Structures are given as C-alpha cells and as structure tokens.
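Visitor: The primary structure of each chain is shown beneath.
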Amino acid sequence: EAEVAQSPRYKITEKSQAVAFWCDPISGHATLYWYRQILGQGPELLVQFQDESVVDDSQLPKDRFSAERLKGVDSTLKIQPAELGDSAMYLCASSLKRDPVEDEQFFGPGTRLTVL
Amino acid sequence: QKEVEQDPGPLSVPEGAIVSLNCTYSNSAFQYFMWYRQYSRKGPELLMYTYSSGNKEDGRFTAQVDKSSKYISLFIRDSQPSDSATYLCAMSGWGNNRLAFGKGNQVVVIP
Chain A
-9 EAEVAQSPRY KITEKSQAVA FWCDPISGHA TLYWYRQILG QGPELLVQFQ DESVVDDSQL
51 PKDRFSAERL KGVDSTLKIQ PAELGDSAMY LCASSLKRDP VEDEQFFGPG TRLTVL
Chain B
106 QKEVEQDPGP LSVPEGAIVS LNCTYSNSAF QYFMWYRQYS RKGPELLMYT YSSGNKEDGR
166 FTAQVDKSSK YISLFIRDSQ PSDSATYLCA MSGWGNNRLA FGKGNQVVVI P
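Chains as they are written, first to last, in the numbering used here: chain A, -9 to 106; chain B, 106 to 216.
Hints were generated in silico from the structure; no laboratory data involved. You may find that some hints are simply not true.
Claimed, not checked - Here are the computed lysine-lysine pairs in the DSS-like style, where the Cα-Cα straight-line distance is at most 25 Å: (1) Lys147/B x Lys87/A; (2) Lys107/B x Lys1/A; (3) Lys1/A x Lys52/A; (4) Lys107/B x Lys172/B; (5) Lys147/B x Lys1/A; (6) Lys107/B x Lys52/A; (7) Lys68/A x Lys147/B; (8) Lys107/B x Lys208/B.
Keep in mind the model is a prediction, meaning the values are calculated, not measured.
Using the sequences provided together with the hints, build the complete structure.
Guide: As structure tokens, then:
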C-alpha cells in the first residue's frame, strides 16, 4: 500500500540551530501539505504545494521557516533558527488533486521535533 | 473564536459502549466534514467523510452533520479496544482543500 514517507521520525535540537524535514508523497500525488501539530492540538496547515508551486503559505512563519518542492515530487521543510515554541509534530500529507470533493489527504507518520 | 471547537477532554469507556464525539464550527463556508483517527505516534487517517446534512454510516461508525446548527458528531457503536485513539474532526470549504481541525478527543476503550 502506498504511503507518505517522512524522515527523520524524531529530531532533538538546540535553540537557534537549523533543522530540516523531508517528505516523499504518494507517487503521482500533485498536492503536498505540511502541517504542524502541537501536543494536544489539531494539525494546522503551514504550506500547501500544487506540483512545485506554493498555493498557500499564509500560516508559514516566513522569517524562520522555508519549504520547497523543487521538482514537484518530494519536499523539504526547514526551520532556521529553531525556537523552543517550535517543538511539535510536523506532518506531511499528499492528495491526488486539489478537488476538495473527492480528494482525500493521506498523512505521513510525522517528525516529532523537540527544541531544547 | 476558533473556526472549529472540539472539547479535547479524554474519554474512557468500557468495551461495547457507544462513544459519542462532537464538534461545532463557526465558518458557514465549510461544506465538507471529516473525522480522522490518529493512533499514538502516527499520522491521522481518514475515518469518515460527509458532505450534506444528515447521517452517514460505515460499519460501527456513524457521522452526523447539522449545518443549521453548525454541529457535527461521530458515534462509535460496540466500541473495541482497537478503537482507542485520538479522533479529530476536520472541515473544508468550496474550492479550498485547506482543512481546519479540531483539537481532538483521546478515546480509551477499556477491555
């Protein structure tokens, strides 16, 4: 069964360091999403790609966060510098198209980030 | 006021009981309503999806939507220990696949 892959699964870093997360969506999925899930909260969208283009990054803290999907396949989310409040689960999801009627988002297992 | 409100209190029930979960929302643009299940240390997985007001059944799961009250519910009949997970409601609107999630309810089914 096709799955969304993410790495690393866990990351511990110190404040002010740079961190990067990688996501490989399900093959053929045009839309890729990065979410942040703080403990005890629901996921919140950080950025949405349609192929290689950003279609929504309104909630991405652009002073420290960046995301890219250069060839429209896998994607990297970077934080530089990391802050204590960035400790959370970072989830990647993908969907076949961008049609909200029949377009299920499939989530990866997430990367749990701890900033010390 | 958050777009989606879900009382995050944990819920413990004995095996075989009915689990009842609900969410309210404030954004009238929401047209699609979903319930996701999230096991510990895993990503969410889609459990139920509804579009219109009314009920939708899938096995032991029933999703209800009342658009006039901006209220959705999930019922789990004959709950099993394997149903122990966090349940998240999520919603999206026309032409926009951005999901707005509730905080989630942690459900524990005790054998």
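Visitor: Going straight from one Cα to the other, do Lys107/B and Lys52/A come out at no more than 25 Å?
Guide: Holds, at roughly 23 Å.
Visitor: Decide if the proposed pair is consistent with the structure: Lys107/B and Lys1/A, CA atoms, cutoff 25 Å inclusive.
Guide: 30 Å, violated
Visitor: Hey, Lys1/A versus Lys52/A, does the alpha-carbon distance stay inside 25 Å?
Guide: Holds - the C-alpha atoms of Lys52/A and Lys1/A are around 21 Å apart, at most 25 Å.
Visitor: Between Lys68/A and Lys147/B, is the straight-line Cα distance small enough, at 25 Å or below?
Guide: Holds - the C-alpha atoms of Lys147/B and Lys68/A are around 21 Å apart, at most 25 Å.
Visitor: Against the 25 Å threshold, does the CA-CA distance of Lys147/B and Lys87/A hold or violate the hint?
Guide: 23 Å, holds
Visitor: Between Lys107/B and Lys208/B, is the straight-line Cα distance small enough, at 25 Å or below?
Guide: 10 Å, holds
Visitor: Given the hinted pair Lys107/B and Lys172/B, is their Cα-Cα distance within 25 Å?
Guide: Holds - the C-alpha atoms of Lys172/B and Lys107/B are around 17 Å apart, at most 25 Å.
Visitor: Tell me if the straight-line CA distance from Lys147/B to Lys1/A falls inside 25 Å.
Guide: It holds: about 15 Å lies between the C-alpha atoms, which stays within 25 Å.
Violation of the numbered hints given earlier is confined to hint 2; every other hint is satisfied by the structure.
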